[in-house]
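> In order, the protein sequence lines correspond to chains G and A.
The working numbering puts the first residue of the first sequence at 1, with every later residue one more than the last.
The working numbering puts the first residue of the second sequence at 112, with every later residue one more than the last.
There may be inaccurate statements among the hints.
[Said to hold, decoys possible] Calculated pairs, BS3-like style, for lysine-lysine (alpha carbon to alpha carbon, straight line, at most 30 Å):
(1) K2/G to K56/G
(2) K168/A to K124/A
(3) K2/G to K67/G
(4) K42/G to K112/A
(5) K67/G to K168/A
(6) K56/G to K67/G
(7) K70/G to K56/G
(8) K168/A to K42/G
(9) K42/G to K124/A
(10) K2/G to K42/G
(11) K112/A to K168/A
(12) K70/G to K112/A
(13) K2/G to K70/G
(14) K56/G to K112/A
(15) K42/G to K56/G
(16) K168/A to K2/G
[Claimed, not checked] Here's a subset of chain A near chain G, in silico, CB distances under 10 Å, partners left out:
(17) V115
(18) T118
(19) Q152
I should point out that these hints are in silico values taken from the structure, not numbers from a laboratory.
Even for Gly, the Cβ is constructed at its ideal location relative to N, Cα and C.
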Amino acid sequence: QKEVEQDPGPLSVPEGAIVSLNCTYSNSAFQYFMWYRQYSRKGPELLMYTYSSGNKEDGRFTAQVDKSSKYISLFIRDSQPSDSATYLCAMNVGGSYIPTFGRGTSLIVHP
Amino acid sequence: KAGVTQTPRYLIKTRGQQVTLSCSPISGHRSVSWYQQTPGQGLQFLFEYFSETQRNKGNFPGRFSGRQFSNSRSEMNVSTLELGDSALYLCASSLNLARGETQYFGPGTRLLVL
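Could you build all of it, start to finish, from the sequences and the hints given here?
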């Protein structure tokens, strides 16, 4: 079993929908949580970064961490076709700065 | 500022050969990390260099090696290529990853081993 599990999808939604992307993890030592977006033929780019539990909002994006359930989520409101990409979760243990990535979820937002 | 650049973008090799991939980080960035991305395993950390020193290494065989030059440019070498080495190899640079600075990824080099 991988340390970080992420459903590969694809997840297909209509434009304007609220999207929920999720990861579960097994290592309770993870303290730093990130979401990356990767467009086709591009490298990943950091979207959101949170420390420990709680919510963080940035525009249409909200990152949520539930350490008690070992579960993190990324919500995208008013999804756009330009949001179509692969979303990767990543996390670090405290004291280490090397992230462990999920395999990514492919999101398709159709007009 | 120019982003992270990687060369070549695409490469086809045969089993047993060796390959060298190159990464030029963002100007001023001293930390360079390398990752392997495959559909089955996802993104996996290979190694990280800072000021020409390897600071961290992932769980990959010794066939995978790297180095960093004084201008922070980095190269990654894979010797005795195997079919399973076919992957997207991504380089990421940061001002200093150990201080929590953001990593910026390049577009990757897609390696196909036949």
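> All hints, please: hold or fail.
To see whether the hints hold, each was checked on the structure:
1. For the suggested pair K2/G and K56/G, the alpha carbons sit about 26 Å apart, so the restraint of at most 30 Å is met.
2. Using a Cα cut-off of 30 Å, the hinted pair K168/A and K124/A holds, with the two alpha carbons roughly 25 Å apart.
3. The suggested pairing of K2/G with K67/G holds, with an alpha-carbon distance near 17 Å, which does not exceed 30 Å.
4. Restraint check: the Cα-Cα separation between K42/G and K112/A comes to about 17 Å, which is no more than 30 Å; the hinted pair holds.
5. The hinted pair formed by K67/G and K168/A meets the criterion: a straight-line CA distance of about 27 Å does not exceed 30 Å.
6. For the proposed pair K56/G and K67/G, the alpha carbon gap of about 14 Å is at most 30 Å, so the pair holds.
7. This hinted pair checks out: K70/G and K56/G have alpha carbons roughly 17 Å apart, not beyond 30 Å.
8. Taking the CA atoms of K168/A and K42/G, the gap is about 24 Å. The hint holds against a cut of 30 Å.
9. Proximity of K42/G to K124/A is assessed by CA-CA distance (about 22 Å); at most 30 Å being required, the pair is judged to hold.
10. Between the alpha carbons of K2/G and K42/G the distance comes to roughly 25 Å, so the proposed pair stays at or under 30 Å and holds.
11. Among the hinted pairs, K112/A with K168/A is consistent with the structure: their alpha-carbon atoms are about 29 Å apart, no more than 30 Å.
12. Pair hint K70/G plus K112/A does not hold up; C-alpha atoms about 38 Å apart against a cutoff of 30 Å.
13. Proposed proximity of K2/G and K70/G is supported: the alpha carbons are some 13 Å apart, at most 30 Å.
14. Taking the CA atoms of K56/G and K112/A, the gap is near 28 Å; set against the 30 Å cutoff, the hint holds.
15. For the hint linking K42/G to K56/G, the alpha-carbon distance of about 26 Å falls within 30 Å, and the restraint holds.
16. Restraint check for K168/A and K2/G: satisfied, since their Cα atoms lie roughly 19 Å apart, inside the 30 Å limit.
17. Checking V115/A against chain G: minimum C-beta separation of about 7 Å stays under 10 Å; hint holds.
18. The interface hint given for T118/A is violated, since its Cβ lies 14 Å from the closest Cβ of chain G, which is over the 10 Å cut-off.
19. For Q152/A, the suggested interface contact is upheld, since its CB lies about 7 Å from the closest CB of chain G, less than 10 Å.
Checked against the numbered hints given earlier, the structure breaks hints 12 and 18 and satisfies all the rest.
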